[in-house]
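Asker: Sequence:
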Amino acid sequence: SYTIEMGPKGPQWKESPQPFSCSIEDPTKQTKFKGIKTYISYRVTPSHTGRPVYRRYKHFDWLYNRLLHKFTVISVPHLPEKQATGRFEEDFIEKRKRRLILWMNHMTSHPILSQYEG
1 SYTIEMGPKG PQWKESPQPF SCSIEDPTKQ TKFKGIKTYI SYRVTPSHTG RPVYRRYKHF
61 DWLYNRLLHK FTVISVPHLP EKQATGRFEE DFIEKRKRRL ILWMNHMTSH PILSQYEG
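Take the sequence shown: its letters are residues 1 to 118, numbered as in this note's numbering.
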């Protein structure tokens, strides 16, 4: 992974000192509000901390939209599509997980997006 830094002659690419990755695993059906609201959570583990956090699709969607707003001139990879029906079926859950992994791999290997902390 690379970053862009200002050098003596202007912007230049520099190899990122700490490339990282995020694993996305263990999609699990969860409920809240005494079972009224059901959703799927994913265990997301960044390599630089090793501490897992649990995230829903809406959290990935929030990050995607935040990046679109912040980086208007960068082509931010698209998230897997939302789906209203069939979203609790095993095939759909597994397919979404694979697509989220691909999306996250794009994000963590992007020279600019991977360095964004905001």
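Read the hints as simulated data drawn from the structure, not as lab findings.
These numbers come from a predicted model, not from an experiment.
Positions of the beta carbon are idealized from the N, C-alpha and C atoms, including for glycine.
Misleading hints may appear alongside valid ones.
Distance condition first, Cα-Cα at most 25 Å in a straight line; then the derived DSS-like pairs of lysine-lysine [unchecked claim]:
#, residue 1, residue 2
1, LYS97, LYS82
2, LYS58, LYS95
3, LYS95, LYS29
4, LYS58, LYS29
5, LYS14, LYS32
6, LYS58, LYS32
7, LYS58, LYS70
8, LYS58, LYS97
9, LYS82, LYS95
10, LYS97, LYS29
11, LYS97, LYS37
12, LYS82, LYS32
13, LYS97, LYS32
14, LYS70, LYS95
15, LYS95, LYS37
16, LYS29, LYS70
Computed beta-carbon distance windows for the label pairs [claimed, not checked]:
#, residue 1, residue 2, range
17, GLY10, LEU79, 28 to 36 Å
18, SER47, GLN12, 23 to 31 Å
19, GLU117, LYS34, 33 to 41 Å
Asker: Next, verify each hint and record whether it holds.
Answerer: Hint check:
1. In summary, the hint linking LYS97 to LYS82 is supported, as the alpha carbons are separated by about 12 Å, within the 25 Å threshold.
2. Simply put, LYS58 and LYS95 have alpha-carbon atoms about 16 Å apart, close enough for the 25 Å limit, and the pair holds.
3. As the CA atoms of LYS95 and LYS29 are separated by approximately 15 Å, the hinted pair is consistent with the 25 Å bound.
4. This hinted pair checks out: LYS58 and LYS29 have alpha carbons roughly 14 Å apart, not beyond 25 Å.
5. A C-alpha spacing of about 45 Å is found between LYS14 and LYS32, which places the hinted pair above 25 Å, so the restraint is violated.
6. Taken as a hint, the LYS58 and LYS32 pair is honoured in the structure, with Cα atoms around 15 Å apart against an allowance of 25 Å.
7. Taking the CA atoms of LYS58 and LYS70, the gap is near 18 Å; set against the 25 Å cutoff, the hint holds.
8. Of the pairs offered as hints, the one joining LYS58 and LYS97 holds, with about 13 Å between alpha carbons and a cut-off of 25 Å not exceeded.
9. For the hint pairing LYS82 with LYS95, the CA-to-CA distance comes to about 12 Å; that is within 25 Å, so the pair holds.
10. Note on LYS97 and LYS29: the hinted pairing holds, with a Cα-Cα distance of about 13 Å set against a maximum of 25 Å.
11. At roughly 20 Å between alpha-carbon atoms, LYS97 and LYS37 fall within 25 Å of each other, so this suggested pair holds.
12. In summary, the hint linking LYS82 to LYS32 is supported, as the alpha carbons are separated by about 20 Å, within the 25 Å threshold.
13. Proximity of LYS97 to LYS32 is assessed by CA-CA distance (about 21 Å); at most 25 Å being required, the pair is judged to hold.
14. For the hint pairing LYS70 with LYS95, the CA-to-CA distance comes to about 28 Å; that exceeds 25 Å, so the pair is violated.
15. Under the criterion of a C-alpha separation no larger than 25 Å, the hint pairing LYS95 with LYS37 is consistent with the structure, at around 22 Å.
16. Taken as a hint, the LYS29 and LYS70 pair is broken in the structure, with Cα atoms around 32 Å apart against an allowance of 25 Å.
17. One distance hint, 28 to 36 Å for the beta-carbon pair GLY10 and LEU79, holds here, with the actual separation near 34 Å.
18. Checking the proposed 23 to 31 Å range against SER47 and GLN12 shows it holds: the Cβ atoms sit about 26 Å from each other.
19. Distance hint check: the CB atoms of GLU117 and LYS34 are about 37 Å apart, consistent with the given range 33 to 41 Å.
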